[in-house]
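2 protein chains.
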Amino acid sequence: MNPASWLDVPADSMFGLANLPYGVFTTADRSARTGVAIGNYVLDVAAATGDTVHATGSMNAFLARGPDGWAALRERITDWFADERWRPAVEPHLIPRADVTLQLPIEVADYVDFYSSQHHAENLGRLFRPGNPPLTPNWRHVPIGYHGRAGTVRVSGTPVVRPQGQRKSPAESAPTFGPSKRLDIEAEVGFVVGLPSELSQPVPVSAFDQHVFGVCLVNDWSARDLQAWEYVPLGPFLGKSFLTSISPWIVPLAALEAARVSPPVREPEPLPYLRDGAPWALDITLEVFVNGTLVSRPPFAGMYWTGAQQLAHLTVNGANVRTGDLYASGAISGPNRNERGSLIELSWNGTDPVELSDGSRRTFLEDGDEVTITATAPGPGGARIGFGEVIGRIYPALSDSR
Amino acid sequence: MNPASWLDVPADSMFGLANLPYGVFTTADRSARTGVAIGNYVLDVAAATGDTVHATGSMNAFLARGPDGWAALRERITDWFADERWRPAVEPHLIPRADVTLQLPIEVADYVDFYSSQHHAENLGRLFRPGNPPLTPNWRHVPIGYHGRAGTVRVSGTPVVRPQGQRKSPAESAPTFGPSKRLDIEAEVGFVVGLPSELSQPVPVSAFDQHVFGVCLVNDWSARDLQAWEYVPLGPFLGKSFLTSISPWIVPLAALEAARVSPPVREPEPLPYLRDGAPWALDITLEVFVNGTLVSRPPFAGMYWTGAQQLAHLTVNGANVRTGDLYASGAISGPNRNERGSLIELSWNGTDPVELSDGSRRTFLEDGDEVTITATAPGPGGARIGFGEVIGRIYPALSDSR
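As you go down the protein sequences, you meet chains F and W in turn. 8 is the number of the first residue of the first sequence in the numbering used here; add one for each residue after it. 8 is the number of the first residue of the second sequence in the numbering used here; add one for each residue after it.
Source of the hints: derived by calculation from the structure; they are not laboratory data. Among the hints, erroneous ones may be present.
No copy is singled out in the list; a pair is fine if it fits within one copy or between any two copies.
Stated by the list, open to error - Mimicking DMTMM-like on lysine to aspartate or glutamate, the simulated pairs with C-alpha atoms at most 25 Å apart in a straight line are:
{"#": "1", "residue 1": "LYS188", "residue 2": "GLU205"}
{"#": "2", "residue 1": "LYS175", "residue 2": "GLU114"}
{"#": "3", "residue 1": "LYS175", "residue 2": "ASP86"}
{"#": "4", "residue 1": "LYS175", "residue 2": "GLU129"}
{"#": "5", "residue 1": "LYS175", "residue 2": "GLU274"}
{"#": "6", "residue 1": "LYS175", "residue 2": "GLU276"}
{"#": "7", "residue 1": "LYS175", "residue 2": "ASP283"}
Chain F on its own, in the form it takes in the complex:
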């Protein structure tokens, strides 16, 4: 149950007082500004606080203030809604959520995508490198990751234009060019960096919550045919870089205290710089819908590497992080078929289609399909923490419409 408020927040709301996620919104008469979701409303934080840092059209300047600044504002907003005396001052700055347009909440600095689900990595290994061990020898030692394209990270709802590129099946002697025939999703959780670090100064596992502000949902759209042809030896490039969609609401780590769980046992034990301090596995359950049919419920709690380990790894060589850095978990897959975080896994490389509620079947995405990823996590006192949703609809490749 959420803490009580003078605002009419449904007792089971996933955007209750225990959550208070941040986003950036516009309305017909308000320029882009920071808002906090509460119940069925958005609080105009720029107007309510009078602090121009929230009127910049991106959360970055606020994020750069660091954990003390984040905690102070969270406490202030919590007080506002818990105490009736604040009602006259706060209520005028509430806007029905239905009336706002949500924007990309952050200016993305660097975008890194990890590969930290053991079941996902094993499934992809079996499909992309048949005949070899599913996990590469480094996987249990190194939180494998790569840099993605920050400039194509967009907010939920951005049209997904089917990418074109080179692809070559093993049976073909040369590549051909055209629209991807194997357009896929990856259901992921993303971490948003607030406080930057210095070049050549690694961030230890223990400093995770000093630098990371919060969490969003990520759909790392993937063109499997482009990816398969290009990825040796330097990794995914055009197979991923056409678009990455994120949810508009950033859930603060502060809202996820009740969701913290112990990560799985790692064998062999990681090197010292990767050893867990306080546990930072998070019991977030995602749901993936294709055209309204629930096709998967990926469990984030079981990820092999946590966000704290990922941050320690990506800075251990001296790389700094910046405000607005986004790093994502990689596709999240559990051990069961209905927990897989991508269609290539769900359909086992197209050999075992997924059935939708209208009776149609999918291996990969078709033009007109709409994918929605949502998630929830336990909050304090039985409340549920919601993450909103990241949605994308598939549009035909440009060549098809020319």
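Keeping the supplied structure of chain F fixed, place chain W upon it in accordance with the hints.
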């Protein structure tokens, strides 16, 4: 020979009127602003033009104006120095180059590193994947590349702190952690994007000079031991992300007309979206010095894929480019040993050390070493176009000094 000027520009200056490269500088009493190098001076463009776009501390706002804006300013500055009548107005805004501190000239949006030298790719293939064909099957079809870390692109002179990380030799059963023992360079040319493009709208080969403003030198520092252990299956990550150094001067494409040459014959013929229009191979010769000894002269003219093809490739899937995007060529190696663009090639994986003029030998870089990369290209009428230099000195890993 450079065009004549009232300014005392040595006839053989590589920063003559034919060049006019842009950078960002500070002095004791001037905040970061855009400058143009000419002879032994820097023109304070912000002061000379009175245009505040040049006083922002980064070239990005000027770059975003696009090719008409770039051409107009180049023409204006050329006139200023060719015509004595401008002397009284312009001369007060010249500062001796020795008196300025050069800064990172652009805010880097996305950073992509290609792998477009056939000799480099073949050498690395032989060293990293012995027993297999040196070029992967996709290499002659796809301009192979990957995203690097934009947040660790720094200006020439930034200290190179030896990175730490995981590495495992084939003889070891498990990885160990510590300072890289195989710290290397990659001598590259980088392209700086000015005019952005739209999501889902590929940039054709023919639009290269509409979007790309100019060229800089890049040293893509590489920890070969970290890279070898981590790079399968998602590509280089910590082996590269600790630092990428660029030269402070961006040479406009407009200064490189005389350097344009035909690229090598490609066999098989590339797919249509990659076919050359006007030739965009560039006859730039790099020089790599280690502690003052010239160790290599990598020839850029022979690169398999040009900057125009790289741009067409990286956007063909619908990815957009942004002002400040930087994409680099990959290490440049010619067919001869003294044309190789990395130490792992020059020393053949450490088996054949490079001898320096002080009689010492190098396989990989030692603490205290200083690496300088310079380059020149032909200009109009026999003039030479200089690129300045990108320098880095190696400092001990943090653990060594703790």
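Can you list which hints this structure breaks, lowest number first? 2 and 3
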